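Going down the list, the sequences are from chains B and S.
Residue numbers for the first sequence follow my numbering, beginning at 8 and rising by one.
Residue numbers for the second sequence follow my numbering, beginning at 394 and rising by one.
Misleading hints may appear alongside valid ones.
Capping the alpha-carbon separation at 25 angstroms, the derived lysine-lysine pairs in DSS-like fashion look like this [claimed, not checked]: (1) LYS40/B with LYS13/B; (2) LYS90/B with LYS600/S; (3) LYS428/S with LYS61/B; (4) LYS700/S with LYS648/S; (5) LYS90/B with LYS13/B; (6) LYS428/S with LYS105/B; (7) LYS105/B with LYS489/S; (8) LYS664/S with LYS700/S; (9) LYS558/S with LYS40/B.
Just so you know, the hints here were simulated from the structure itself, not pulled from any lab data.
Since we're looking at a predicted model, the values are computed, not measured.
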Amino acid sequence: MLILDKDNFQENVLDANGFVLVDYWSDGCEPCKALMPDVEELAAEYDGKVVFSKLNTMKARRLAISQRVLGLPTIILYKDGEKVGEVTKDDATREGIKNMIEAHI
Amino acid sequence: MSKLYDVIIIGAGPAGLAAGLYAARAKMSALIIEKDRNGGQIVTTDEVANYPGGVKDETGPSLVARMVEQVEEFGAERVKATVLDVNLNEDIKVVKCEEAEYQAKAVIIATGASPRKMNCPGEKELTGKGVSYCATCDADFFTDFEVFAIGGGDTAVEEAMFLTKFARKVTLVHRRDELRAAKSIQEKAFKNEKIDFIWNSEIAEIKGDGMVESIVIKNRETGELTEHMAHEDDGTFGVFVFVGYIPQTSLFTDKIELDQTGYILTDADMKTNVEGVFGAGDVRQKSLRQVVTAVADGAIAAVQAEKYIDNKFGH
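Chain S on its own, in the form it takes in the complex (with noise of 0.2 angstroms):
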């Protein structure tokens, strides 16, 4: 077995980072294990104007690459590894990994969240060829095509502000009346000529062979279905879908308390019902998901797992 960490960090988006930051400050040996990138779901957002105190012109990327460069100066060892079980039991955390296990006297739970999919027909299929769950990385490819964005929220409204800059025209599809994302967000989006609205509407189905090339839209009051079709020109429409995030905690089910949904209970010190085990940001059942609540989760998460080591495990 490898050495025995202090603190395990599992995810390594801004409530990880944060907490590997303040578990290395207060010299505790600390290993953050992230299987895909870092900085989790905020890298894929090309505009951050809401992070107190961020930069002019602050991207996802630029954010999470200086909270990366705080991390390094200060020492939390990194690894890239996908955690395939936990023992969460024992005084001693085990975190398994395909390569390697770890272990620590806390474990921090800071895997985020992943999009919901709509679950209708179609969708799988054409995942990737016109249907999407990441406008930064797939816009470029509609540029000066249409594009449907699906959903109400602060994402969704934003999302198709950013497909302006490349589609010709962002059609937003949501299942009320009116949107959910904030005021000054919502009176830019009426404001821009190229966005359009559906309202009280979900998507029935996607079609095409091999690319999207019409949807099903059903009125969910009338019950009327409209389909679309690509125009003739372009052959095919882009599917951005922005209809809200799963946690990912399938690893802890039968492990630690979680609600219905699957976020994680947390109290306001991050403690879940293990004893040494936290858990930080997108994960946990809360009122308000964004980068400056996670980073206050990781570092109380910190603190927290300090105190506790200090207390179980002496000095």
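Looking at chain B on its own, in the form it has when it is part of the complex (with noise of 0.2 angstroms):
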């Protein structure tokens, strides 16, 4: 998965073209921790279609707000930059990430 970070998100999500997903996670969130698993193995069924990327906001606090993110974890989808899906809390499962891809490919 892509790891991104304040400095390359604006070029490898909001300017890129097609599907990226953005799986917003934390050190201190054990549900992100958990769930990872399940995100990179979708992230091996879905390579070549969307584009999976991860931003810890433990250090890029002032952007996640900035894409609306206050809470975690928190999977967003994006296409050619623009959000067309999220998922968070309680339905940031695999189930629900893998039901929000599908509806959007």
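Grab the two chains, each in its own frame, and use the hints to assemble them into the complex.
Put into structure tokens, the structure is as follows:
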């Protein structure tokens, strides 16, 4: 999975073409860490169709807030730089993420 | 069908892990099924000060990590899967997950509990957008902002104190005029300059467009409604909800006896009303829900399961 930070976010997500999925997580977020293996599996499954990436919000708080992320875990699907789908908290499960992707690709 | 386990343990929180440990040490073939994260609720707790024998600066994750290591050392199997259905009536119990079906002579239900919601307007819509049930997950977003913590028990007060490490102000809103939390924790909270208290109140509504912008607080005695808006410079604030837990037993309604609130009824040996089925941890009806009581339940359940299997199935 592509590792994002506040310096490469614009280029890799907002200016990108096609589908980019961003997994917002942080060191203190245990549910995020538990979800990570599922996201990595989905990344492999959708290889070539969706670019999977993750952003550690601990070092990019303002960026996360600018994307309207105020709670973790939050997974957002972007298409050509625009948000087209989002799942957060209880809805951020393997199934929830997969359904979101399937609804848009 | 896959192999026949001696015992299947549903849930890998402290109760499930302890059951797995004791089952494995008794040389039973044990499978622990967990749908989410090892350690259950305690892993979202930053500080665990009251686990007897815990190490200094213990956190939920650090305690659970040691439990998991121990369980692995003694060889209980673990699988990440979601249980969709169970058949507990026959001698051989069946546990159905999405990817596979498992069979066992005994089942220990250790599914724990999940945070209770307030069920006020706006809460669901703004979950993850300022409304949170997990301080360790989201406190960081509100660094230097203000936050509200709702509740009056141990969790609410402890989490409020954790939040003061990030937020510039924490306002604790409680339905009653005194806290239910342990006295020592209350004392610390009252001394903490960053914590304010609003008594006899509850949240009537949470408002905002795409993120929390205001909350309406209702005084339960006077009926008065007060709207608290986000500070102009902040634009938002956090609403952390700590109003209790609900047992995760929807899978077991009509299969084993539950109490009115959905907790599993067991005797002192962790036995439910169905033979070969045991309960352990927060999911049981009990007076104290802590890691220490959960692990005790797990150990008892595993030992009782072994006794049951010996009697029922012979050696």
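Here's how the hints hold up against the structure:
1. LYS40/B with LYS13/B: holds, 20 angstroms
2. LYS90/B with LYS600/S: Roughly 22 angstroms between the alpha carbons, so the hint for LYS90/B and LYS600/S holds.
3. LYS428/S with LYS61/B: Holds, at roughly 22 angstroms.
4. LYS700/S with LYS648/S: holds, 22 angstroms
5. LYS90/B with LYS13/B: holds, 18 angstroms
6. LYS428/S with LYS105/B: Roughly 16 angstroms separates the two Cα atoms, so the pair holds.
7. LYS105/B with LYS489/S: holds, 22 angstroms
8. LYS664/S with LYS700/S: holds, 12 angstroms
9. LYS558/S with LYS40/B: Within the cut-off at roughly 22 angstroms; holds.
The structure is consistent with each of the numbered hints, conforming to all of them.
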